[in-house]
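Throw the hints in and build the complete structure from the sequences for me.
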Amino acid sequence: DTEVTQTPKHLVMGMTNKKSLKCEQHMGHRAMYWYKQKAKKPPELMFVYSYEKLSINESVPSRFSPECPNSSLLNLHLHALQPEDSALYLCASSQDLGAADTQYFGPGTRLTVL
Amino acid sequence: GQSLEQPSEVTAVEGAIVQINCTYQTSGFYGLSWYQQHDGGAPTFLSYNALDGLEETGRFSSFLSRSDSYGYLLLQELQMKDSASYFCARPIAGNNRKLIWGLGTSLAVNP
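Residue numbers (the working numbering), protein chains in the order written: chain A, 91 to 204; chain B, 52 to 162.
Hints in this document: simulated from the structure, not taken from any laboratory.
Predicted model, so just to flag it, every value in this text is computed and none were measured.
Please note that the accuracy of each hint is not assured.
Derived lysine to any residue pairs resembling SDA-like cross-links, with alpha carbons at most 25 Å apart [as the list claims (entries may be wrong)]:
{"hint": "1", "chain 1": "A", "residue 1": "130", "chain 2": "B", "residue 2": "87"}
{"hint": "2", "chain 1": "A", "residue 1": "143", "chain 2": "A", "residue 2": "131"}
{"hint": "3", "chain 1": "B", "residue 1": "149", "chain 2": "A", "residue 2": "118"}
{"hint": "4", "chain 1": "A", "residue 1": "128", "chain 2": "B", "residue 2": "60"}
{"hint": "5", "chain 1": "A", "residue 1": "131", "chain 2": "B", "residue 2": "104"}
{"hint": "6", "chain 1": "A", "residue 1": "112", "chain 2": "B", "residue 2": "96"}
{"hint": "7", "chain 1": "A", "residue 1": "131", "chain 2": "B", "residue 2": "157"}
{"hint": "8", "chain 1": "B", "residue 1": "149", "chain 2": "A", "residue 2": "186"}
{"hint": "9", "chain 1": "A", "residue 1": "128", "chain 2": "B", "residue 2": "65"}
{"hint": "10", "chain 1": "A", "residue 1": "128", "chain 2": "B", "residue 2": "160"}
{"hint": "11", "chain 1": "A", "residue 1": "108", "chain 2": "A", "residue 2": "155"}
{"hint": "12", "chain 1": "A", "residue 1": "112", "chain 2": "B", "residue 2": "148"}
{"hint": "13", "chain 1": "A", "residue 1": "112", "chain 2": "B", "residue 2": "92"}
{"hint": "14", "chain 1": "B", "residue 1": "149", "chain 2": "A", "residue 2": "140"}
{"hint": "15", "chain 1": "A", "residue 1": "131", "chain 2": "B", "residue 2": "159"}
{"hint": "16", "chain 1": "A", "residue 1": "99", "chain 2": "B", "residue 2": "157"}
{"hint": "17", "chain 1": "A", "residue 1": "131", "chain 2": "B", "residue 2": "143"}
{"hint": "18", "chain 1": "A", "residue 1": "130", "chain 2": "B", "residue 2": "72"}
{"hint": "19", "chain 1": "A", "residue 1": "130", "chain 2": "A", "residue 2": "161"}
{"hint": "20", "chain 1": "B", "residue 1": "149", "chain 2": "A", "residue 2": "150"}
{"hint": "21", "chain 1": "A", "residue 1": "128", "chain 2": "B", "residue 2": "132"}
{"hint": "22", "chain 1": "A", "residue 1": "128", "chain 2": "B", "residue 2": "91"}
{"hint": "23", "chain 1": "A", "residue 1": "130", "chain 2": "B", "residue 2": "56"}
{"hint": "24", "chain 1": "A", "residue 1": "131", "chain 2": "B", "residue 2": "147"}
{"hint": "25", "chain 1": "A", "residue 1": "130", "chain 2": "B", "residue 2": "145"}
{"hint": "26", "chain 1": "A", "residue 1": "143", "chain 2": "B", "residue 2": "145"}
{"hint": "27", "chain 1": "A", "residue 1": "131", "chain 2": "B", "residue 2": "154"}
{"hint": "28", "chain 1": "B", "residue 1": "149", "chain 2": "A", "residue 2": "95"}
Here it is in structure tokens:
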């Protein structure tokens with residue numbers, strides 16, 4: 091199984107809503123990532139978990155809250171988002187091998203904040 | 052710095068060969084990756100070069116020259132389905148979990 095899955099595929103939410111994005115991988119990867127991507131731009135790293143511990147937080151606003159319940163699952167909890175947070179949210183995983191590490195991406199969640 | 056530069060757009064015809072260049076600053080350089088992303092899709096890993104030379108995978112090849120601080124992705128026998136954005140990326144010195152991404156090259160393959 092070389093797949094990273096993400097749910098939901100699409101999400102529309104108001105600024106007062108609370109929602110969660112989910113990501114799962116069964117490749118035994120030890121690192122998992124959240125990225126945000128705007129149209130025609132490269133992915134922007136938000137968070138990295140390594141061995142289920144938060145390794146990197148790229149100064150992301152607290153309205154985004156990551157969670158790694160176990161080595162296969164990664165969640166992103168959303169609360170009080172702004173319209174400018176509308177984007178494609180990508181999850182990725184990797185073996186955490188260092189410079190030659192390959193990141194495998196899920197299909198993403200297309201988020202629209204009204 | 053550790054930035055990457057690549058052309059914003061490239062156009063080619065079916066069956067042709069296209070080369071997408073990526074130049075980088077040498078500070079803390081480990082290697083260069085290439086990712087493909089179709090509109091509305093997720094980035095897909097294509098290749099990684101840590102050493103000088105050419106790596107071939109089917110119709111796609113990737114090349115690295117450390118002495119010239121650049122690499123390229125070579126796409127042969129172009130097909131319409133190759134129309135996509137192509138990103139070069141490199142791990143950040145001192146923190147390999149973070150990638151620096153080029154701004155992407157949008158490839159349009161025409162009939």
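Verification of the hints:
Restraint check for residue 130 (chain A) and residue 87 (chain B): satisfied, since their Cα atoms lie roughly 13 Å apart, inside the 25 Å limit. Between the alpha carbons of residue 143 (chain A) and residue 131 (chain A) the distance comes to roughly 28 Å, so the proposed pair goes past 25 Å and is violated. With a CA separation close to 20 Å, the supplied pair residue 149 (chain B) and residue 118 (chain A) stays within the 25 Å bound. For the given pair, residue 128 (chain A) sits about 18 Å from residue 60 (chain B) by alpha-carbon distance, which is consistent with the 25 Å threshold.
Under the criterion of a C-alpha separation no larger than 25 Å, the hint pairing residue 131 (chain A) with residue 104 (chain B) is inconsistent with the structure, at around 29 Å. Taking the CA atoms of residue 112 (chain A) and residue 96 (chain B), the gap is about 22 Å. The hint holds against a cut of 25 Å. As the CA atoms of residue 131 (chain A) and residue 157 (chain B) are separated by approximately 11 Å, the hinted pair is consistent with the 25 Å bound. Restraint check for residue 149 (chain B) and residue 186 (chain A): satisfied, since their Cα atoms lie roughly 11 Å apart, inside the 25 Å limit.
A C-alpha spacing of about 29 Å is found between residue 128 (chain A) and residue 65 (chain B), which places the hinted pair above 25 Å, so the restraint is violated. At roughly 23 Å between alpha-carbon atoms, residue 128 (chain A) and residue 160 (chain B) fall within 25 Å of each other, so this suggested pair holds. For the hint pairing residue 108 (chain A) with residue 155 (chain A), the CA-to-CA distance comes to about 11 Å; that is within 25 Å, so the pair holds. With a CA separation close to 21 Å, the supplied pair residue 112 (chain A) and residue 148 (chain B) stays within the 25 Å bound.
Of the supplied pair hints, the one linking residue 112 (chain A) and residue 92 (chain B) holds, its CA atoms being roughly 17 Å apart against a limit of 25 Å. A threshold of 25 Å between alpha carbons decides the hint, and for residue 149 (chain B) with residue 140 (chain A) the separation of about 12 Å falls inside it, so the pair holds. For a cut-off of 25 Å, the pair hint linking residue 131 (chain A) to residue 159 (chain B) stands: about 17 Å separates their Cα positions. Simply put, residue 99 (chain A) and residue 157 (chain B) have alpha-carbon atoms about 24 Å apart, close enough for the 25 Å limit, and the pair holds.
Annotation: proposed proximity of residue 131 (chain A) to residue 143 (chain B) holds, straight-line Cα distance about 19 Å (limit 25 Å). At most 25 Å may separate the alpha-carbon atoms for a hinted pair to count; residue 130 (chain A) and residue 72 (chain B) meet this at roughly 18 Å. This hinted pair does not check out: residue 130 (chain A) and residue 161 (chain A) have alpha carbons roughly 31 Å apart, beyond 25 Å. With a CA separation close to 15 Å, the supplied pair residue 149 (chain B) and residue 150 (chain A) stays within the 25 Å bound.
At roughly 22 Å between alpha-carbon atoms, residue 128 (chain A) and residue 132 (chain B) fall within 25 Å of each other, so this suggested pair holds. A C-alpha spacing of about 11 Å is found between residue 128 (chain A) and residue 91 (chain B), which places the hinted pair at or below 25 Å, so the restraint holds. Of the supplied pair hints, the one linking residue 130 (chain A) and residue 56 (chain B) holds, its CA atoms being roughly 15 Å apart against a limit of 25 Å. Distance check on the hinted pair: residue 131 (chain A) and residue 147 (chain B) sit about 21 Å apart at the alpha-carbon level, within 25 Å; holds.
With a C-alpha separation of about 28 Å, the suggested pairing of residue 130 (chain A) with residue 145 (chain B) is violated against the 25 Å cut-off. Proximity of residue 143 (chain A) to residue 145 (chain B) is assessed by CA-CA distance (about 19 Å); at most 25 Å being required, the pair is judged to hold. For the hint linking residue 131 (chain A) to residue 154 (chain B), the alpha-carbon distance of about 6 Å falls within 25 Å, and the restraint holds. With a CA separation close to 21 Å, the supplied pair residue 149 (chain B) and residue 95 (chain A) stays within the 25 Å bound.
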